[in-house]
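J.: Residues per chain are reported as follows:
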Amino acid sequence: MSRLGKEEETEILQKIRDGDRSAFEKLYDAYSAAIYGMVTKILRSEEAAEDVTQDTFVKIWKYIHSYDSQKGKLFTWMLNIARNTAIDALRKTGNVGKPKIQTFDSAVHISEGGKTESPVITIGLRDFVNKLSPEYRIIVNYIYFNGYTQKEVAEELDIPLGTVKTRIRKAVQDLRKIFKLLLLWI
Amino acid sequence: MDINEYISSGILEQYVLGSVSSKEKQEVECMASIYPEIKSELEALQSTLEIFALQSEVSPPPKLKGEVLRAIAEVDQIKDDDISSASKVAKPSSDHAQVIRLSRRWAAVGAVLIVSSLAALMFFNYESQENLIALKDELNQNDQIISEQAQNLEALRQDYGQLASVNSVLTNPNTQRVEMQGTEMFPDGVAQVYWNTEDQQIVMDRGNMPPPPEDQDYQLWAIVDGTPTSLGVYPWSEESSEPAFMSGEIEKASAFAVTIEPKGGSETPTLSKLFVIGEV
Numbered sequence: 001m002s003r004l005g006k007e008e009e010t011e012i013l014q015k016i017r018d019g020d021r022s023a024f025e026k027l028y029d030a031y032s033a034a035i036y037g038m039v040t041k042i043l044r045s046e047e048a049a050e051d052v053t054q055d056t057f058v059k060i061w062k063y064i065h066s067y068d069s070q071k072g073k074l075f076t077w078m079l080n081i082a083r084n085t086a087i088d089a090l091r092k093t094g095n096v097g098k099p100k101i102q103t104f105d106s107a108v109h110i111s112e113g114g115k116t117e118s119p120v121i122t123i124g125l126r127d128f129v130n131k132l133s134p135e136y137r138i139i140v141n142y143i144y145f146n147g148y149t150q151k152e153v154a155e156e157l158d159i160p161l162g163t164v165k166t167r168i169r170k171a172v173q174d175l176r177k178i179f180k181l182l183l184l185w186i
Numbered sequence: 001m002d003i004n005e006y007i008s009s010g011i012l013e014q015y016v017l018g019s020v021s022s023k024e025k026q027e028v029e030c031m032a033s034i035y036p037e038i039k040s041e042l043e044a045l046q047s048t049l050e051i052f053a054l055q056s057e058v059s060p061p062p063k064l065k066g067e068v069l070r071a072i073a074e075v076d077q078i079k080d081d082d083i084s085s086a087s088k089v090a091k092p093s094s095d096h097a098q099v100i101r102l103s104r105r106w107a108a109v110g111a112v113l114i115v116s117s118l119a120a121l122m123f124f125n126y127e128s129q130e131n132l133i134a135l136k137d138e139l140n141q142n143d144q145i146i147s148e149q150a151q152n153l154e155a156l157r158q159d160y161g162q163l164a165s166v167n168s169v170l171t172n173p174n175t176q177r178v179e180m181q182g183t184e185m186f187p188d189g190v191a192q193v194y195w196n197t198e199d200q201q202i203v204m205d206r207g208n209m210p211p212p213p214e215d216q217d218y219q220l221w222a223i224v225d226g227t228p229t230s231l232g233v234y235p236w237s238e239e240s241s242e243p244a245f246m247s248g249e250i251e252k253a254s255a256f257a258v259t260i261e262p263k264g265g266s267e268t269p270t271l272s273k274l275f276v277i278g279e280v
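Here the protein sequences come in this chain order: A and B.
One point on numbering: in my numbering, the residue at position 110 of the first sequence is 110, and numbering is uninterrupted.
One point on numbering: in my numbering, the residue at position 24 of the second sequence is 24, and numbering is uninterrupted.
Keep in mind the hints are simulated off the structure, nothing from the lab.
C-beta: ideal position from N, C-alpha, C; glycine also.
Misleading hints may appear alongside valid ones.
Derived DEER-like restraints, expressed as beta-carbon distance ranges [unchecked claim]: (1) A:Thr-163 x B:Pro-235: 39 to 49 Å; (2) B:Ala-108 x A:Gly-162: 42 to 52 Å; (3) B:Asn-152 x A:Thr-166: 21 to 31 Å; (4) A:Ser-69 x B:Gln-151: 51 to 61 Å; (5) B:Lys-23 x A:Thr-163: 14 to 24 Å; (6) A:Lys-177 x B:Thr-171: 57 to 67 Å; (7) A:Ser-69 x B:Leu-69: 19 to 29 Å; (8) A:Asp-20 x B:Leu-132: 46 to 56 Å.
In the DSBU-like style, the derived pairs of lysine-lysine whose C-alpha atoms are separated by at most 35 Å in a straight line are [said to hold, decoys possible]: (9) B:Lys-25 x A:Lys-151; (10) A:Lys-151 x A:Lys-71; (11) A:Lys-151 x B:Lys-39; (12) A:Lys-26 x B:Lys-25; (13) A:Lys-73 x B:Lys-65; (14) B:Lys-23 x A:Lys-165; (15) A:Lys-92 x B:Lys-25; (16) B:Lys-136 x A:Lys-151; (17) A:Lys-62 x B:Lys-65; (18) B:Lys-65 x A:Lys-15; (19) B:Lys-63 x A:Lys-15; (20) B:Lys-63 x A:Lys-6; (21) B:Lys-25 x A:Lys-15; (22) A:Lys-62 x B:Lys-63; (23) A:Lys-6 x B:Lys-39; (24) B:Lys-63 x A:Lys-92; (25) B:Lys-63 x A:Lys-59; (26) A:Lys-26 x A:Lys-73; (27) B:Lys-39 x A:Lys-62; (28) A:Lys-59 x A:Lys-15; (29) A:Lys-165 x B:Lys-25.
Construct all of the structure, not just a fragment, from the sequences and the given hints.
T.: In structure tokens:
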């Protein structure tokens, strides 16, 4: 799911490629909260998150011509840039060795500024996410939010590499199951 | 190529979590462009991650928007034709010196390319060595498991062989069953001796006898012409209560008895420690 409809997104994409800054502003309005929220989760510092969010949007602007819609959705592409930029920043500050592993309990933020249309969805989300069992939550946190390699996770948790791979699959599949119901709502 | 196998391999999940090497990344994208099933699976997984990201939405401070818009005003977009026109710059020149300078530049470019491809090669080599080590580990572990299983199997085989021969004594028509009753030491006790009078083998069933004290053994005796003859200590086992072969051959006997003796058994029975006894 994304905040812009597919046609709207195609139109905005074309305008941005033509150098239209007001179209880019629309893109920012639609996705900045998701990106800022995610990089804050990775960096655990609002100040650093602001810098990284800015860098991310600059990169999106700069490299918008290399986005290939055949390879995936625009939002996915933007999230990848945000995550990579955040993890690079995390590595530079040397925080990567000592992650504070967040549980989803502490990680779920109810969005501010009336972004969430239905309170039912927000309340439901907490319950959905909490259904992910702890060994899968920790894997997602290490890899997705702390940029650990699979090998590093295996060493950190003292489990075989094969188990890490299996758990990644299980974790994403479980997330998918959890969100399947949610997809019908949004 | 089995598409379902590829989908269930877990590589797509690793891809969406951003946990694949650049080589694997290319592979996944290539597979998704060839097989629609893989592509739709990948898209579904990506949607999951998008929702996952959206659930932690936080609006950035309002001032950030202005900063972002100011920043992009100073940055040019990189277009594909920029990249291709950049590569067109190096046109051969009729000027000899220019050609030399250019070829030097190309030599430098070549050197950089060689160094970077070497680095890439080393990286992949390092990766595959890591994989190799992991594989070797796995193989070693498997070998160990196999040899453990083989030992278990051998032990089971021996147990089975033992039981089969015990059984052959028990079911032999020439086998005589002698029931031994408990003495004052063990009033409710019952144990049995199976005596094949033809090939003179002896099997003892421990009946309801309790485990012997730690430093002691049960010893079986045959009373032959009024004299106790040792048939060895009973091989007590925690795991199995099956009848066991006793040592020695007995041609004739008037009775069988079990005494408690110091570990390893005694030359002559300690009669005060007579446990069970039965007349033939």
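J.: Give a verdict on every hint.
T.: Quick rundown of the hints versus the structure:
1. A:Thr-163 x B:Pro-235: 39 to 49 Å: Roughly 43 Å apart at Cβ, these two residues keep to the hinted range, so it holds.
2. B:Ala-108 x A:Gly-162: 42 to 52 Å: Holds - the Cβ-Cβ distance for Ala-108 (chain B) and Gly-162 (chain A), about 45 Å, lies within 42 to 52 Å.
3. B:Asn-152 x A:Thr-166: 21 to 31 Å: Given a distance of about 27 Å, which is inside 21 to 31 Å, the answer is holds.
4. A:Ser-69 x B:Gln-151: 51 to 61 Å: 60 Å, holds
5. B:Lys-23 x A:Thr-163: 14 to 24 Å: 23 Å, holds
6. A:Lys-177 x B:Thr-171: 57 to 67 Å: 59 Å, holds
7. A:Ser-69 x B:Leu-69: 19 to 29 Å: 24 Å, holds
8. A:Asp-20 x B:Leu-132: 46 to 56 Å: Because 52 Å falls inside the window, the suggested range holds.
9. B:Lys-25 x A:Lys-151: 17 Å, holds
10. A:Lys-151 x A:Lys-71: Holds, at roughly 27 Å.
11. A:Lys-151 x B:Lys-39: Status holds; Cα separation ~27 Å.
12. A:Lys-26 x B:Lys-25: With Cα atoms ~30 Å apart, Lys-26 (chain A) and Lys-25 (chain B) stay inside 35 Å; holds.
13. A:Lys-73 x B:Lys-65: Judged against 35 Å, a Cα distance of about 23 Å means the pair holds.
14. B:Lys-23 x A:Lys-165: It holds: about 17 Å lies between the C-alpha atoms, which stays within 35 Å.
15. A:Lys-92 x B:Lys-25: Between Lys-92 (chain A) and Lys-25 (chain B) the Cα gap is close to 24 Å, so the pair holds against 35 Å.
16. B:Lys-136 x A:Lys-151: Holds: Lys-136 (chain B) and Lys-151 (chain A) sit about 16 Å apart, inside 35 Å.
17. A:Lys-62 x B:Lys-65: 17 Å, holds
18. B:Lys-65 x A:Lys-15: 19 Å, holds
19. B:Lys-63 x A:Lys-15: Measuring from Cα to Cα gives roughly 24 Å; hence the hint holds.
20. B:Lys-63 x A:Lys-6: 29 Å, holds
21. B:Lys-25 x A:Lys-15: 29 Å, holds
22. A:Lys-62 x B:Lys-63: Roughly 21 Å separates the two Cα atoms, so the pair holds.
23. A:Lys-6 x B:Lys-39: 18 Å, holds
24. B:Lys-63 x A:Lys-92: 25 Å, holds
25. B:Lys-63 x A:Lys-59: Holds, at about 19 Å.
26. A:Lys-26 x A:Lys-73: 17 Å, holds
27. B:Lys-39 x A:Lys-62: 27 Å, holds
28. A:Lys-59 x A:Lys-15: 17 Å, holds
29. A:Lys-165 x B:Lys-25: 16 Å, holds
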